[in-house]
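Colleague: Input sequences plus hints: build the corresponding full structure.
Number of protein chains: 4
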Amino acid sequence: MRATIPRTSGLKDYSREMVAARQSFILEKTGVRPEHMAAYSFELDLLPGNIEHFSGVAQVPIGLAGPLRVNGEHAQGDFYIPLATTEGTLVASYNRGMKILYESGGITTTVSQDAMQRAPVFIFDNAREAREFGSWVANHFETIKAQAESTTQVGRLQNIEQYPASKMMYLRFNYTTGDAAGQNMVGKATFTACEWIKKNYPAVRRYALSGNMDTDKKTSFVNTLRTRGKRVTAEAVIPKHLMENIARTPLDILIKQRQISTLGSFMAGANNNGSHSANGITAMFIATGQDVANVAESSAALVYTEMTPAGDYYFSITLPSLIVATYGGGTGLPTQKECLEILGCYGKGKVNKLAEIIAATVLCGEISLGSAVLAGDWVTSHDRYGRNRP
Amino acid sequence: MRATIPRTSGLKDYSREMVAARQSFILEKTGVRPEHMAAYSFELDLLPGNIEHFSGVAQVPIGLAGPLRVNGEHAQGDFYIPLATTEGTLVASYNRGMKILYESGGITTTVSQDAMQRAPVFIFDNAREAREFGSWVANHFETIKAQAESTTQVGRLQNIEQYPASKMMYLRFNYTTGDAAGQNMVGKATFTACEWIKKNYPAVRRYALSGNMDTDKKTSFVNTLRTRGKRVTAEAVIPKHLMENIARTPLDILIKQRQISTLGSFMAGANNNGSHSANGITAMFIATGQDVANVAESSAALVYTEMTPAGDYYFSITLPSLIVATYGGGTGLPTQKECLEILGCYGKGKVNKLAEIIAATVLCGEISLGSAVLAGDWVTSHDRYGRNRP
Amino acid sequence: MRATIPRTSGLKDYSREMVAARQSFILEKTGVRPEHMAAYSFELDLLPGNIEHFSGVAQVPIGLAGPLRVNGEHAQGDFYIPLATTEGTLVASYNRGMKILYESGGITTTVSQDAMQRAPVFIFDNAREAREFGSWVANHFETIKAQAESTTQVGRLQNIEQYPASKMMYLRFNYTTGDAAGQNMVGKATFTACEWIKKNYPAVRRYALSGNMDTDKKTSFVNTLRTRGKRVTAEAVIPKHLMENIARTPLDILIKQRQISTLGSFMAGANNNGSHSANGITAMFIATGQDVANVAESSAALVYTEMTPAGDYYFSITLPSLIVATYGGGTGLPTQKECLEILGCYGKGKVNKLAEIIAATVLCGEISLGSAVLAGDWVTSHDRYGRNRP
Amino acid sequence: MRATIPRTSGLKDYSREMVAARQSFILEKTGVRPEHMAAYSFELDLLPGNIEHFSGVAQVPIGLAGPLRVNGEHAQGDFYIPLATTEGTLVASYNRGMKILYESGGITTTVSQDAMQRAPVFIFDNAREAREFGSWVANHFETIKAQAESTTQVGRLQNIEQYPASKMMYLRFNYTTGDAAGQNMVGKATFTACEWIKKNYPAVRRYALSGNMDTDKKTSFVNTLRTRGKRVTAEAVIPKHLMENIARTPLDILIKQRQISTLGSFMAGANNNGSHSANGITAMFIATGQDVANVAESSAALVYTEMTPAGDYYFSITLPSLIVATYGGGTGLPTQKECLEILGCYGKGKVNKLAEIIAATVLCGEISLGSAVLAGDWVTSHDRYGRNRP
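Residue numbers (our numbering), protein chains in the order written: chain L, 353 to 742; chain F, 353 to 742; chain S, 353 to 742; chain U, 353 to 742.
Each hint should be verified, as a subset may be incorrect.
No copy labels: a pair is met if it fits in one copy or bridges any two.
To be verified - Restricting the straight-line Cα-Cα distance to at most 27 Å, the calculated cross-link-like pairs of lysine-lysine (DSS-like) are: (1) K700 <-> K497; (2) K364 <-> K451; (3) K700 <-> K381; (4) K608 <-> K592; (5) K551 <-> K608; (6) K451 <-> K381; (7) K550 <-> K364; (8) K550 <-> K608.
For the record, the hints were derived by calculation from the structure and aren't laboratory data.
Modeller: Structure, rendered in structure tokens:
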């Protein structure tokens with residue numbers, strides 16, 4: 353007999369009683385009493401829309417790093433960064449990077465593109481019909497846009513890319529989505545547009561709301577090229593003496609090593625020629641209530657460094673598919689909201705600010721790890737802070 | 353003046369007093385009183401090795417899904433899966449998939465490869481010296497192995513791959529690491545091996561502990577090809593009538609749609625031809641104290657489906673670079689440990705079991721979303737459970 | 353002393369005397385008397401613009417295959433295909449495929465996109481200036497277009513894609529180029545546009561005419577996604593009994609095998625999930641005077657197959673970056689022109705026709721090899737026709 | 353009625369009479385009289401094994417470039433390079449590069465790996481059986497090797513890589529193949545091994561001789577990583593003053609530009625971060641009777657440059673999948689053999705020499721074009737030598 357997770361039988365689905373019922377169920381089925389999971393600090397009526405079968409919380413330690421000095425367009429000044437992680441050394445390493453960058457005058461950040469996708473695929477009898485459909489879509493863009501936007505007060509359809517292959521037309525609907533990450537918003541908008549298309553273009557044999565060119569929760573070259581979420585660059589100039597002291601390596605060797613790493617990434621077919629952007633992104637995503645699964649695509653990065661004419665170290669990292677929100681999703685939950693507020697990023701009109709802060713944080717982690725690798729203290733610092741034990 | 357995060361000045365670094373000092377600091381600097389962050393339920397002496405500048409916790413809601421029936425080699429029976437997420441619909445969707453798979457007889461899981469890497473790069477004067485070095489490394493494998501393993505009781509160096517390019521020799525040291533994820537373990541082991549190499553092979557100009565072919569915290573073709581962490585496959589056969597009822601679509605159309613999605617993924621240059629493996633992986637990673645940043649590489653997936661001779665639906669997903677641990681890292685923290693215990697996966701000898709359960713969970717999510725997309729209720733279910741508000 | 357190839361010292365550069373001088377030089381330097389190279393059949397005044405230091409010809413055997421029945425928009429009817437190759441079995445294999453497809457009613461072909469690129473990169477002081485430049489480029493598109501088109505009577509600038517990264521703005525200028533392949537044409541046009549930009553946008557620090565996102569003579573995801581040259585699809589339906597007879601394999605197994613091959617290609621990170629499109633493309637490129645080095649990008653392919661509702665075999669292949677010309681380059685040389693004339697493709701207004709014929713030929717090769725692999729006679733046919741000897 | 357190409361009806365298949373019959377057929381069907389195609393200079397009994405339905409030759413102009421000074425292990429001294437192409441500027445550009453490199457002391461070349469593949473896929477009932485099969489293959493390597501090598505006097509099976517996915521086991525059989533390119537050789541050897549496996553391992557449901565992980569006639573990350581054909585590096589140091597004179601650009605800018613190009617290639621998902629290796633490779637492949645379709649994979653390249661401690665320009669290019677032969681295939685045809693002889697590369701024991709010469713040639717082309725792009729005379733030189741007509 354299939355023993356299902358307790359649900360609503362008389363109890364309100366989001367109630368302490370229901371949580372208790374589920375915890376009893378866990379105890380009965382597994383012998384485990386989930387005490388710490390039950391130690392949440394908030395009212396449950398916040399939860400609908402964020403979780404089903406709520407049974408407690410994961411408590412993920414938060415370490416603060418900072419001050420992070422950001423010279424952005426949306427983020428300006430010094431920030432203290434909540435990093436939720438269980439990996440020793442991570443906070444210390446980012447903090448070290450922030451110190452270096454603070455002393456260097458801070459990090460300049462720029463959001464250059466903004467696009468959230470849903471990418472349906474339309475199937476036809478043959479390639480020629482798929483191509484004709486493409487022309488029709490281009491000619492009816494305004495109507496399709498109106499259909500899509502009828503479902504949302506925020507989302508704006510910017511354009512529709514066309515990728516024909518075989519008898520299919522893969523489309524990529526690109527939207528701006530305000531302060532929400534927007535995956536659901538654009539899903540709904542695109543669904544409405546597609547249903548309208550299907551009714552008005554009879555040659556469509558069938559369609560699917562995703563043909564996997566979005567590429568949602570997946571990294572891809574199309575995302576790196578065409579942007580998913582925010583495309584944001586963090587850059588800084590670190591004085592030569594400062595960099596060399598920290599890395600215990602001459603600057604020209606540091607720069608060569610970056611090129612060698614880039615060649616390794618290129619040969620490996622990696623989505624990132626940097627060191628570990630996923631670390632900072634993930635820790636901030638957990639802390640601030642982002643959709644953490646988007647680390648899949650948000651972890652892509654393009655690093656470029658050079659020596660300035662003055663002999664200092666120019667370092668930049670571009671995140672081509674950083675998916676962030678300051679509204680919707682998990683952003684309103686209690687600890688998550690506190691973390692956003694610590695950053696001054698809660699609510700409307702803040703999403704680019706958050707993107708800039710994350711990119712600046714990522715840059716600090718790159719500088720810190722990059723220099724540790726070369727200074728030979730990468731391993732020893734993990735010995736000090738981390739769990740280099742077995 | 354740079355206002356740094358409070359540290360140890362008289363107070364023990366991991367103490368309630370220190371946390372309070374940091375929270376006062378936050379309040380002072382940002383005007384935010386982090387109350388919920390402070391509502392952790394455990395003793396702080398657990399934390400060293402997991403976090404620095406500890407200032408509280410992120411409370412991430414956990415929903416239970418299940419029962420998940422797994423017919424693995426290491427995981428056998430029914431499991432209840434803790435999923436830590438803030439994304440509405442996710443738990444419901446995975447739970448729906450688990451129900452379908454339960455009725456189909458469960459999911460078969462197989463761990464086929466196991467390898468954790470550190471990939472140093474050695475730089476020479478020219479390509480010929482790099483090649484000669486490669487021969488020397490092959491001939492001295494046993495000694496290098498002994499050096500590497502001298503630093504660990506668990507890690508075992510399996511082989512060293514060679515990727516020469518230009519005047520560099522990129523190496524990939526492949527280890528098994530027991531129940532730990534092992535990144536730090538293999539970092540330390542490889543560092544020791546490299547230092548020995550540098551001393552014993554004078555032609556080495558310099559080396560870096562990573563040449564970015566690991567590729568740590570980054571997805572890549574080399575990881576998908578050569579495995580990073582566990583390579584694990586989940587597969588199942590779903591009876592035709594069951595699948596068609598749920599997807600409201602004929603099975604042959606479902607299979608065609610998978611091919612069309614795969615072509616989209618191929619054209620997009622994605623690391624995954626499935627739907628959203630990152631969702632289940634991330635939610636389990638947060639719940640069970642994994643290094644969540646490894647979602648970057650763990651989210652890669654290879655999906656293959658076909659109609660069986662009996663007309664049923666064979667569905668499989670291979671995760672080529674799933675990085676998991678049941679020991680070390682965040683696995684020993686309170687809520688994380690509880691979640692591992694709920695799965696019967698805490699501690700030694702359990703890592704393959706955990707890998708199998710994650711893979712089985714991922715498969716359920718693929719079936720659920722895949723059918724929702726085609727049934728047209730993807731969007732409507734987000735309306736019901738999620739936050740499809742403008 | 354550096355002994356250079358003889359040039360112009362009194363002799364006309366393209367003259368039989370000069371060729372003789374070079375052949376004497378070869379004899380003197382290498383002891384080889386290049387008799388067959390000297391056996392060209394045409395007047396040398398055709399050559400300027402095609403070759404420097406002309407010293408003879410490579411005689412590449414041409415085999416004819418056909419009739420190839422094409423149901424295109426530009427190519428309609430039966431064609432005999434000149435294939436220049438030295439690989440035994442190739443012509444026989446394509447011919448076999450053409451026979452199958454002829455009996456199936458021919459191949460339908462569709463050119464769906466057309467774009468030739470030059471992709472300069474502009475370097476700025478920082479990312480924000482790169483972004484502002486992007487806005488300026490978008491706002492000055494018409495002027496830039498006029499500048500670019502001032503250099504050509506044929507080329508038309510369609511749009512300029514923007515790919516910002518770091519402090520660089522990578523642009524991709526997309527042109528149509530009439531019946532020429534157009535690389536030189538778009539190089540000159542883009543150069544003129546860039547020089548104008550540099551003069552009119554002082555924040556440009558410097559630029560390079562290629563930032564390697566063209567990606568000329570290189571395959572890439574950006575080309576597969578965004579098209580380079582022609583994007584052309586060939587498709588056909590092959591009756592079940594015919595296919596099964598030839599492949600000696602049930603149709604459902606053939607289709608499964610295609611999926612398995614596609615998964616292999618996806619895992620391998622290949623630019624092509626088909627079998628050997630490069631064979632047919634290369635042989636036709638050599639025969640018809642194309643720029644054969646473009647096989648690098650032209651060999652990318654997207655294959656999709658399925659069983660039709662009637663139980664027959666739908667097979668399609670999309671070439672996303674097929675670079676062809678019927679004018680300019682090597683198309684006017686004697687044997688090359690003859691081959692183009694055999695196809696009815698010499699001169700103006702014929703380039704899409706040629707693209708369609710090539711795509712149809714490629715499809716025949718896929719069917720032929722695909723069935724040979726499964727029928728187990730791949731190797732045996734190489735034994736019969738080819739050089740399976742040592 | 354299907355009018356087929358004339359074959360053997362009384363006439364010998366490779367005879368002047370048969371060629372005449374085919375040419376009459378062409379004339380009749382297309383109205384084209386292929387005079388120049390018919391102007392071949394050799395006896396037809398050379399052709400069996402190289403072409404079917406022989407109907408004439410393509411005459412591809414050959415230009416000589418050189419001297420190319422190579423400091424290889426197999427190629428040493430000065431060489432004159434036959435380049436078969438119809439693209440104006442190509443020979444002049446390579447020649448210019450050879451001059452620069454000659455003055456720089458020549459190019460050092462190194463072949464570091466050698467592997468030709470056939471990659472069958474074995475299909476099982478489930479992933480566990482696929483994995484067990486993998487163990488069995490590893491344990492029976494010597495027997496499988498003996499089976500494979502029973503078909504060839506030259507080919508040697510070096511190892512078998514395993515890439516499990518779903519219920520399939522993709523294998524990659526890696527061979528050395530002497531002076532042949534070896535695709536047919538390894539096809540036959542692997543076929544024999546596979547047939548033996550199928551008989552001796554009953555759990556195999558079926559297999560296909562290629563699962564598309566070879567990846568033959570296709571570029572791929574697996575080829576770049578694991579080598580296909582020869583992995584060969586060319587490198588050189590060009591004195592600063594020489595380089596700056598030619599490129600009319602300071603050396604540090606040249607090096608930065610290479611990094612910017614590499615970033616562009618990385619973002620584009622290209623198989624090559626150089627400029628145009630395909631040009632030199634293709635021209636030499638046509639001239640020397642290589643399988644030109646292998647330009648698809650041979651065009652992959654990894655470029656790395658840096659400033660030496662003395663301030664000069666270190667430039668290297670690694671071709672990870674260069675497929676070459678000095679025996680078999682088209683190497684014995686008349687003009688092709690002459691070209692190989694000019695290089696001193698005809699026949700046995702010469703294949704690494706040819707690989708080195710090609711790599712050195714490619715490097716010269718990179719230097720030449722790279723400097724032309726920056727000097728701004730790329731376009732103007734095409735105007736001079738090429739066909740920059742509208």
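Colleague: Now tell me, hint by hint, if it's right for this structure.
Modeller: Evaluated hints:
no.: 1; hint: K700 <-> K497; result: within (24 Å within a copy, 40 Å between copies)
no.: 2; hint: K364 <-> K451; result: between (49 Å within a copy, 23 Å between copies)
no.: 3; hint: K700 <-> K381; result: between (44 Å within a copy, 22 Å between copies)
no.: 4; hint: K608 <-> K592; result: both (15 Å within a copy, 18 Å between copies)
no.: 5; hint: K551 <-> K608; result: between (58 Å within a copy, 22 Å between copies)
no.: 6; hint: K451 <-> K381; result: between (49 Å within a copy, 17 Å between copies)
no.: 7; hint: K550 <-> K364; result: neither (40 Å within a copy, 60 Å between copies)
no.: 8; hint: K550 <-> K608; result: between (54 Å within a copy, 19 Å between copies)
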